[in-house]
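Order-wise, the sequence lines are chains A and B.
Counted from 1, the first sequence has number 63 at position 63 by this note's numbering; the numbering is strictly sequential.
Counted from 1, the second sequence has number 440 at position 440 by this note's numbering; the numbering is strictly sequential.
Because the hints were derived from the structure by calculation, they are not lab data.
The model shown is predicted, which means the values in this text are computed figures rather than measured ones.
For glycine and all other residues, C-beta sits at the position ideal for the given N, C-alpha and C.
Be aware that a few hints might be false.
To be verified - No more than 25 angstroms apart at the CA atoms, straight line, and that leaves these computed lysine to any residue pairs for SDA-like: (1) A:154 with B:583; (2) A:138 with A:186; (3) B:553 with A:140; (4) A:134 with B:125; (5) B:326 with A:139; (6) A:154 with B:513; (7) B:553 with B:517; (8) A:154 with B:448; (9) A:167 with A:197; (10) A:121 with B:575; (11) A:121 with B:536; (12) A:187 with B:462; (13) A:138 with B:448; (14) B:326 with A:121; (15) A:121 with B:560; (16) A:187 with B:210; (17) B:400 with B:378; (18) A:134 with A:42; (19) B:264 with B:150; (20) A:186 with B:517; (21) A:121 with B:356; (22) A:154 with B:519; (23) B:125 with B:210; (24) A:174 with B:553; (25) B:3 with A:68; (26) A:193 with A:110; (27) A:174 with A:140.
Said to hold, decoys possible - Here are a few chain B residues that sit away from chain A, every Cβ distance over 12 angstroms (derived from the structure): (28) 83; (29) 91; (30) 199; (31) 206; (32) 237; (33) 244; (34) 305; (35) 310; (36) 453; (37) 493; (38) 502; (39) 526; (40) 545.
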Amino acid sequence: MANELIFFPRYNVNVLNILIAGVGGQGVLLTSKIIAEAALLAGLDVKQSEVHGMAQRGGSVLSQVRIGQKVFSPIVAEGEADLLVGFEPLETARYLHFLRDTGMVIYNTRTIGTIGVSIGKEAYPADINETIRKHAAKVHAFDATELAVGVGEKRAVNLVLVGAMLKSLPIDEKIVDQAIVNSVPKKLLEINKKAFLAGKAQSRS
Amino acid sequence: MKKAILSGNEAIARGFIEAGGKVAAAYPGTPSTEVLEILSKEKGIHAEWSTNEKVAMEVAIGGSLAGVRSMACMKHVGVNVAADPLMTVTYTGVNAGLVLMVADDPGMFSSQNEQDTRHYSRMAKIPCVEPADSGEAKEFLRQAFELSEAFDTPVILRTTTRVSHCKSVVETADPVIVKDRDLARDVPKYVMLPGNAKKRHLIVEERLIKLREFADTTLLNQEIKGTGELGFIANGVAYQYVREAFPDAPVLKLGMTYPLPEKKIRAFAASVRKLAIVEELDGFIEEQVKAMGLVVHFGKAAFPPCGELTSRLIRDAVTGTPLTCKAPVPGLIMRPPTFCPGCSHRGLYTILAKLKPYVSGDIGCYTLGALPPFGSMNTCICMGASISAAHGISRGLAIKGGEHQKPVAVIGDSTFMHSGITGLIDMVYNGGDALVVVMNNDTTGMTGGQEHPGTGRRAGGAEAPKLSIEKLCKVIGARAVREIDAYNLKDLEKIIKEELATPGPSVLVSNQPCVLRYRVSSKPYTVDRATCVGCKACLKAGCIALSFVPEGKKGYAAVDALLCNGCGICAQLCATKSLVVAK
Numbered sequence: 001m002a003n004e005l006i007f008f009p010r011y012n013v014n015v016l017n018i019l020i021a022g023v024g025g026q027g028v029l030l031t032s033k034i035i036a037e038a039a040l041l042a043g044l045d046v047k048q049s050e051v052h053g054m055a056q057r058g059g060s061v062l063s064q065v066r067i068g069q070k071v072f073s074p075i076v077a078e079g080e081a082d083l084l085v086g087f088e089p090l091e092t093a094r095y096l097h098f099l100r101d102t103g104m105v106i107y108n109t110r111t112i113g114t115i116g117v118s119i120g121k122e123a124y125p126a127d128i129n130e131t132i133r134k135h136a137a138k139v140h141a142f143d144a145t146e147l148a149v150g151v152g153e154k155r156a157v158n159l160v161l162v163g164a165m166l167k168s169l170p171i172d173e174k175i176v177d178q179a180i181v182n183s184v185p186k187k188l189l190e191i192n193k194k195a196f197l198a199g200k201a202q203s204r205s
Numbered sequence: 001m002k003k004a005i006l007s008g009n010e011a012i013a014r015g016f017i018e019a020g021g022k023v024a025a026a027y028p029g030t031p032s033t034e035v036l037e038i039l040s041k042e043k044g045i046h047a048e049w050s051t052n053e054k055v056a057m058e059v060a061i062g063g064s065l066a067g068v069r070s071m072a073c074m075k076h077v078g079v080n081v082a083a084d085p086l087m088t089v090t091y092t093g094v095n096a097g098l099v100l101m102v103a104d105d106p107g108m109f110s111s112q113n114e115q116d117t118r119h120y121s122r123m124a125k126i127p128c129v130e131p132a133d134s135g136e137a138k139e140f141l142r143q144a145f146e147l148s149e150a151f152d153t154p155v156i157l158r159t160t161t162r163v164s165h166c167k168s169v170v171e172t173a174d175p176v177i178v179k180d181r182d183l184a185r186d187v188p189k190y191v192m193l194p195g196n197a198k199k200r201h202l203i204v205e206e207r208l209i210k211l212r213e214f215a216d217t218t219l220l221n222q223e224i225k226g227t228g229e230l231g232f233i234a235n236g237v238a239y240q241y242v243r244e245a246f247p248d249a250p251v252l253k254l255g256m257t258y259p260l261p262e263k264k265i266r267a268f269a270a271s272v273r274k275l276a277i278v279e280e281l282d283g284f285i286e287e288q289v290k291a292m293g294l295v296v297h298f299g300k301a302a303f304p305p306c307g308e309l310t311s312r313l314i315r316d317a318v319t320g321t322p323l324t325c326k327a328p329v330p331g332l333i334m335r336p337p338t339f340c341p342g343c344s345h346r347g348l349y350t351i352l353a354k355l356k357p358y359v360s361g362d363i364g365c366y367t368l369g370a371l372p373p374f375g376s377m378n379t380c381i382c383m384g385a386s387i388s389a390a391h392g393i394s395r396g397l398a399i400k401g402g403e404h405q406k407p408v409a410v411i412g413d414s415t416f417m418h419s420g421i422t423g424l425i426d427m428v429y430n431g432g433d434a435l436v437v438v439m440n441n442d443t444t445g446m447t448g449g450q451e452h453p454g455t456g457r458r459a460g461g462a463e464a465p466k467l468s469i470e471k472l473c474k475v476i477g478a479r480a481v482r483e484i485d486a487y488n489l490k491d492l493e494k495i496i497k498e499e500l501a502t503p504g505p506s507v508l509v510s511n512q513p514c515v516l517r518y519r520v521s522s523k524p525y526t527v528d529r530a531t532c533v534g535c536k537a538c539l540k541a542g543c544i545a546l547s548f549v550p551e552g553k554k555g556y557a558a559v560d561a562l563l564c565n566g567c568g569i570c571a572q573l574c575a576t577k578s579l580v581v582a583k
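Work the whole structure out from these sequences, hints included.
Listed below in structure tokens is the structure:
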């Protein structure tokens with residue numbers, strides 16, 4: 001193995017594993033669609049997995065994107081995710097054990113209550129941000145919802161997070177730009193680009 | 001040739017176009033829905049949402065008889081509904097190519113069971129092809145049509161959630177020109193009177209022998225050379241997991257899982273010291289391989305028949321030394337699915353939770369009414385069962401004697417069209433005594449919002465005659481048929497109470513459009529802190545836009561303005577009128 005060329009030297013992996021977690025209805029699927037499209041445009045092999053139906057009705061949603069020269073399984077194994085992108089703190093924490101020891105977390109700090117919280121039967125974990133920091137090597141947390149509302153579209157959290165991922169992706173910004181154009185309905189392109197740029201300003205390498 | 005990243009379902013739709021398919025019929029069902037959604041936007045193809053899977057299968061059979069390549073699409077449980085035509089069209093064979101595309105749901109992401117469709121291919125004695133990714137999904141559909149026409153047989157193309165809903169790179173091509181066939185006129189072949197069917201059954205058995213020979217020569221089944229003493233036989237997405245876990249091992253990849261390629265399997269088994277068979281759900285391949293007298297070292301005893309497999313699970317089972325991995329973060333509360341803020345089903349369940357009748361449920365978003373805080377469902381079996389089961393319950397209770405108890409059936413508009421109507425006719429005809437609530441949100445909600453005969457639009461959006469549920473129920477002869485605004489709690493409670501007290505079959509149609517499909521959004525509500533007494537009555541609405549903020553001895557309710565859709569259900573539950581529309 002030592003003599004073989006590592007495909008993504010920065011991550012020291014041949015297949016880059018990205019998990020995108022959130023609440024059904026937040027637009028998780030568009031984020032993963034854009035990342036997968038960008039990988040295709042970059043000439044890479046890519047597999048993306050998602051679930052529809054019952055799971056989308058306000059439940060926990062996980063989308064998985066695997067990028068490399070050749071990808072077999074569409075599913076990321078536990079302990080092998082390089083990047084975890086969270087739309088909501090509780091849903092970010094739920095998948096922390098999928099991260100490698102060196103893995104990075106980028107997440108939206110805006111919480112969304114569960115039905116248990118809303119009916120007063122459960123409490124939202126008060127220390128959720130500390131929990132996430134404790135369980136991951138690299139954490140980048142910010143209020144993506146505020147940025148989305150700031151550009152005038154509360155539903156554009158997904159594009160804010162695409163922007164925030166930019167420096168963590170092994171893909172050129174120009175290509176990501178094109179992937180957004182290819183993936184977003186034309187009439188919503190302008191507002192989504194604004195959200196992307198707001199997120200990009202948060203992106204850290 | 002162009003490269004695109006497509007889901008398995010998108011690739012199947014693309015494959016249908018490229019294979020010159022002309023008639024496609026389906027009933028929505030996760031994870032199969034997108035195939036027909038895409039085809040409905042194509043010119044030169046008749047793509048329809050049929051009222052149910054049996055109808056879809058028969059429409060596709062008709063398309064084949066007419067002489068054009070045709071396909072029916074459905075989820076696994078839909079095949080139960082379509083099994084009747086399937087089991088006989090296998091006798092008649094096809095005219096133009098006929099494919100049944102079925103999506104199974106291992107892990108039950110959005111299903112009530114995880115039955116394995118491959119058993120149907122064996123029962124019908126027809127080929128089953130199984131792609132392992134989107135590229136294969138497109139290619140295998142084309143081959144399925146060729147196979148169908150070459151062997152005069154319907155063909156099942158089976159996917160699973162991870163094939164249908166995973167995206168991978170696909171090379172698209174131009175559509176082939178397929179010559180349409182003449183309308184089929186051949187009474188002994190297509191009219192299944194017993195005398196004809198006896199002759200056709202013999203042909204089915206002969207066809208199966210030829211298909212077994214084909215299985216041994218087709219490139220649908222391929223051996224991937226490798227090293228090591230352990231060889232794998234795998235199908236569908238399980239093949240990807242095997243390659244991920246054991247990249248260097250020899251693998252016999254089965255793209256056609258019925259009938260099996262016996263010679264290839266025997267040769268492969270002889271070439272390795274140990275044999276593993278990796279398949280999701282049932283040991284369908286394994287049982288047949290064992291029946292060949294071969295020894296299987298790793299099969300269902302190692303890889304469970306319940307839920308999905310993963311590369312990790314396969315690796316751990318074979319090596320016997322599980323890799324250590326981190327434990328999930330402890331103490332996290334769960335996030336089960338729930339009604340959307342503004343959902344028109346919320347009001348009804350708020351009332352049912354209060355009145356506590358016996359509720360017979362059905363398949364759709366509204367099955368979530370079984371969960372907290374409503375807990376308002378006592379049984380739910382399959383599409384359409386709500387009404388017929390409620391009728392059976394009422395008859396059983398009546399025979400037992402005792403106090404009059406009228407059960408409630410809850411069913412969505414699309415499910416009512418699918419198979420609720422026959423149940424209602426049965427109940428009226430047989431002197432039943434249940435209240436049927438048709439929760440009409442003007443769409444097929446759970447699968448993402450598809451048209452049906454009650455929406456007044458066809459697949460693709462073209463205008464269609466709009467079937468009135470209310471009028472239909474009246475014609476069927478229900479004792480009472482009443483309509484109501486699903487957001488009006490007071491009237492809902494009053495009418496349900498009245499109808500539960502009056503014997504005889506009655507129907508209540510509660511109307512409000514699906515907020516998700518139609519993006520309905522009114523001004524959000526807010527809580528007047530000055531008058532809120534913290535009684536938590538509003539929380540009974542079970543809405544994630546609501547929460548309770550403890551403060552001192554009590555506290556107050558709060559509304560998340562970004563989530564609230566302004567339906568006003570919570571405000572109707574508030575005794576102090578503290579929930580008001582935000583300024």
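* Enumerated hints in conflict with the structure, sorted upward -> Of the numbered hints, 2, 3, 4, 7, 13, 14, 16, 18, 24, 32, 33, 35 and 40 do not hold.
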